[in-house]
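Work out the full structure: start from the sequences and follow the hints.
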Amino acid sequence: MHAALMRGCGLVAAATVAFITLLVCYDVVGRNLGLPSLVWINEVTEYALPIATLAAAPWLMWRNQHVRLDLLGALLSPAAQRSMDRLASLLGLIVSLVMVWYAVRMLLDSRSAGSLVMKALVFPEWWLYVPVPIGFALLALECGRRVINPSGLTEETGQS
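Going left to right, the sequence shown walks through residues 2 to 161 as my numbering numbers them.
These are calculated hints, taken from the structure and not from any lab test.
Watch out, some of these pointers could steer you wrong.
[Said to hold, decoys possible] Below, computed lysine to any residue pairings styled on SDA-like, alpha-carbon distance capped at 20 Å:
hint	residue 1	residue 2
1	Lys120	Val45
2	Lys120	Ser38
3	Lys120	Asp28
4	Lys120	Leu24
5	Lys120	Leu39
6	Lys120	Ala49
7	Lys120	Thr46
8	Lys120	Val25
9	Lys120	Ile42
10	Lys120	Pro37
11	Lys120	Leu50
12	Lys120	Trp41
13	Lys120	Tyr48
14	Lys120	Glu47
15	Lys120	Val131
A quick note: this is a predicted structure, and the numbers were derived from the prediction, not measured.
Structure below.
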């Protein structure tokens, strides 16, 4: 179940980047060919970038392809490396849960205020905030898994 969820995150990230790429290519080619301009393309790509980032983060961590500092780890024993990884995962869990808390508060505040985004597209502002608590909750889930299972082995890579 967890593996399917993490693969789903990777799929969402990839699909979002592909969608952004298609929109930007259409915009560039369309302008050069004199095709009608879609005024909302820049706005949609701006809103899609955080979605791709928030979806990719837990997937990359699950695959052990996230950014990490290997220099210090290379100097430590395997047991000390596992302890450091567990501590880093615990810190990541705490920070992610704090981000979920504040993101939900921000979303609810925006919703109760009835704020609108008024650019090329007009919609409730709180819609922009929906991916943030979801993305950080998924990141917290992966960090929590790593706290419990410090080896960090995944079915996907078979490596720690």
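Exercise for the section: List in ascending order the numbers of the hints, as given earlier, that are violated by the structure. Expected result: none
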